[in-house]
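All chains, please: the whole structure from these sequences, using the hints.
Chains as they are written, first to last, in the working numbering: chain A, 1 to 808; chain L, 809 to 1017.
Incorrect hints may appear among the rest.
To be verified - For the chain A half of the interface with chain L, some residues (derived, Cβ under 10 Å), not all of them:
(1) 24
(2) 109
(3) 117
(4) 307
(5) 422
(6) 426
Everything labelled a hint here was simulated from the structure, so no lab data went into it.
A virtual CB, placed ideally from N, CA and C, is assigned to each residue, including glycine.
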Amino acid sequence: MVKKMPLKNRIREKIIILDGATGTELQKRGMTAGVCPEIWCLKNPDIISDVHAGYRDAGADIVYTATFGANRIKLSQYGSYDVVEINRELTLLARRAVGTDVLLAGDICSTERFVRPFGDLDFEEAIDVYKEQVKGLLEGGVDLFVIETMMDIQETRAALIAVKELTDKFTIVTMTYEENGRTLNGTDPVTALITLQSLGANAVGCNCCTGPEEMTGLIEAMKPWATIPLVAKPNAGMPELVDGKTVFSMGADTFASFGADFVSKGVNLIGGCCGTTPDHIRMLKESVAGRKPVLPVRDSISAVSSARASAIFEGERPLSIVGERINPTGKKALQQELLEGRMSIVRTMAKEQEKFGASLLDVNMGMPGIDEKETMLDVIGNLSVAFDLPLVIDSSNIDVMEAALRLYPGRALINSISGESEKLIRLLPVAAKYGAMFILLPLADGDIPETAEKRKKIIEDVFKKAAALGFTKSDIVIDGLVMAASSNFKAPAETLKTIEWSSDVFGANTIVGLSNVSFGMPERKWLNAAFLAMAVSKGLTMAIANPGVEELVNTKLAGDVLAGRDMDASKYISHFSQMSTKVKQEDAPSHKAPEDEMFQSILEGNREDIERLLSVAMDSGMDAQRMVDESMIPAITEVGALFDRREYFLPQLIACAETMKKGIAFLVPWLGDSKLEKKQKGVIIIATVKGDVHDIGKNIVALMLRNHGFEVVDLGKDVSAEIIIREAVRLKPSVIGLSALMTTTMVNMKEVIELAQRESLDCKFMVGGAVVTKAYAKSISAHYAKDGVEAVRVVEKLNAFSTDSYGE
Amino acid sequence: MGSVPLLQIFPSINIPLPMGAIYRRLGYKRGVTKVNERKREEVGQYIEYAASLVSLKGAGIRVPLERVDPPLIVLKTGADVRSVRLAGLLNGCKEALFIGSTSGSVVMDAILEDTEGGDMTRGVVIDAVASEMTDAALDWIIGFFNRLLARENARLTRKRFSAGYGDFLLENQKMMYDMLKLYRIGVTINENFILMPEKSVTAVVGILA
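Written out as structure tokens, the structure reads:
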């Protein structure tokens, strides 16, 4: 009787076979689209029993209950149902179908709602929804649980927490990955694995969406970091559209041929998803029969995760910087913002630290006058939505920490757990429940140990208590306890001894709060940098610091090379070669004549240098009008030609036009006759027509025309025909330019032109915009320009010739 | 789906940056457009900056169709729409999926500031990023619903259709706005049926069972 041996043990002996598709099998047997599958199964018990029994007969070790959508949110779309009863009855029905020789997994899937912070479903409500379903499945007598086809890591966490808070039964969790190797919400398989295995999943993997060939790659990516068995349930190939119907065409023999590959890549439980049948499962079982499973290669992992990324601290890796900036202590603007419930400074700080290379972000919301828990949850939500970096939750308040760990959509690092009684009694179990890593601060009740020896004792005591709750040395990061050198010049040496012992003897990762070492000293950055280098040489894993400090980052990069943690010095070389390239570019001397430099400056859109170049040229006695005529106009004309040939794209065109504009503005005091020139060239009115608010294209046209010496009056967007014509009567433009983006507003161009004709206005019209065509322009007696460069040519031409040939 | 149309609100949509689409929108042509390292870096920084200002949100709702009798499309909710082209898209569908997305107002403020006297080069890049990300958010919503529909042996039509194009009048945007409750994601609609912030879009997709 296979069921007698616990699943955890059986997984070590053989590849466990899961069942195949239920949905597509029910559809084959008459379930139509639009019905509630769970209710349909209860009304057609023989059919669903036949499907279950078919998989048992095919050799599945585990069969899933037909409760995929039996949560109250999904069921409510079909009416009012008793969730517990439906889950219980479907479980009992499945048990009768498969008997007791196979294991019955209570199947849980998405509510199809996204959960806070990624959606509008409250996280606690999501847990409650799942608990209701779990209760029914338990009443029905499931042997284990499977949470499957999940698209959102946060909803998956809610489901897993719901199961784990009600039972300790074995729980499989599988997510669905898109063609880009990520879930729809952007989670990669390694990140999902790190989050879910630490939260208590007993097996993790993937199902649906891809065929077996693609799925082996996902298993292979996860295997090196898995502490638990891996699961695969691929579709019978990629879906194809045949005669308007979605079909999965991979036959059972082809499907099964991937079995050996899955086993060698490390899968431990395998079955099928959409399109698979009992034949697929039978042949799959045969293909893996007798193959020795590849067990997880590790018992624990030092890694944290966010919703979309992970940071792994295994092996020789470069020092990680934990960005320290998101902390209101001593930051008045941030304090004020948090008091007002705003998050823009927090986001800016996160963005800057990410840009400067932080691997993690420390978040501390401890300040008087705010609700620390609510603020912490808001910050976690905001950062989790907008940034990929994993977070370090930094609070001395245990309630805040628990709420934060529950909501955080990844595996967090706790800052910190010390040897103080309250932390050990209350916080350590919370950390264990949510599978967080924690910083072990070697402090005990009423004692700040000055020597490394005393710190070692506290570290060992805390670890002993943590190990009793299931923690390993991989789950902790030991704080070296940095004290100010200014108050005790022997203190830094004791910290270094603590780091060295923790790293080399105890065998755990280490961290320091770097800037404490220089407290009370002048020019602190040098002490910080020197201490960092010394700590890296002792094996330091991470430092809490400001990654925006150049000296610190450069010391870290150098330290990583010298400690052998930057293989081939690739990161060091890459960083400094980029910097030296920039310096060379900026310092490169020019030997060109001033007029050539101006030409080149406009051609390259060099907005930063144009005024300096013009100033040098003017100082050397050059004539302003000559510079415009002989360097700048030819340059911008050449830019237009390059844009026409698509050798330049829009940002280049605009940068060049802005450079020209800046240059002309600089020369205005020397261009006495320029206004006369503008009058000769004529006034141009431009506007986006009534009902349309899109104006970037119109703004580009205005910029280009001004650069070519036209006086442009821009009336803005959503401008009525009456206003355009009223201004035209007043200003007497040679050309009116009209812009529209939508077919529905394009017709308002015609209204403007008809009004102009009724007013006997003597001017020409040029039109353009995303949906406007040359044919349409011709139909309303207007000229057409496809872009800003062509607009200049059209207006030049209209000013030169009085006879009209519309649509050109 | 069941008898009760379920409005899905997506308060936060995370998508990979649609770099190809952004560059194409800016007129970049592979093998033809020549961009030096400095300009490439500058544009890259603008794209990154723009992406940090975009806050994608969306909504979607499945609505059963009473009948499709071109040009008339009658929804089970009682509303009706006239469009030959949309009726063509919905031919054979028993349901339609109405979707909407927005890039938020912060990015629009940045575009406005840059194009009206700030840095127009950056402005056009931000504009392109916001447009393409808003569009990609619709694709993300379609992907989400397609994933759910696969379980029902149903799928979405390959094409989508937006109000204001062809004979599907912009006036219909009001009905879509109300159905999708786009105010819940910070979108308003003006008397000309234009959505604000400007980088907000709606579309209709057919559901083939």
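For this session: Using 10 Å as the Cβ threshold, decide whether residue 422(A) counts as touching chain L.
Result: With Cβ-Cβ at 36 Å, over 10 Å, it is violated.
For this session: Under 10 Å, Cβ to Cβ, is where residue 307(A) needs to be relative to chain L, so tell me if that hint holds or is violated.
Result: Result: holds, 8 Å to nearest chain L Cβ.
For this session: Go through the hint on residue 426(A) and say holds or violated, using the shortest Cβ distance to chain L against 10 Å.
Result: violated, 32 Å
Problem set entry | Given hint residue 109(A) near chain L, where the shortest CB pair must fall under 10 Å | holds, 9 Å
For this session: Identify whether the interface hint at residue 24(A) stands, where standing means a beta carbon of chain L within less than 10 Å of its own.
Result: holds, 7 Å
Exercise. For the hint on residue 117(A), does the least C-beta distance to chain L fall short of 10 Å?
Worked result: holds, 7 Å
Of the hints listed earlier, those the structure fails to meet are numbers 5, 6, in rising order.
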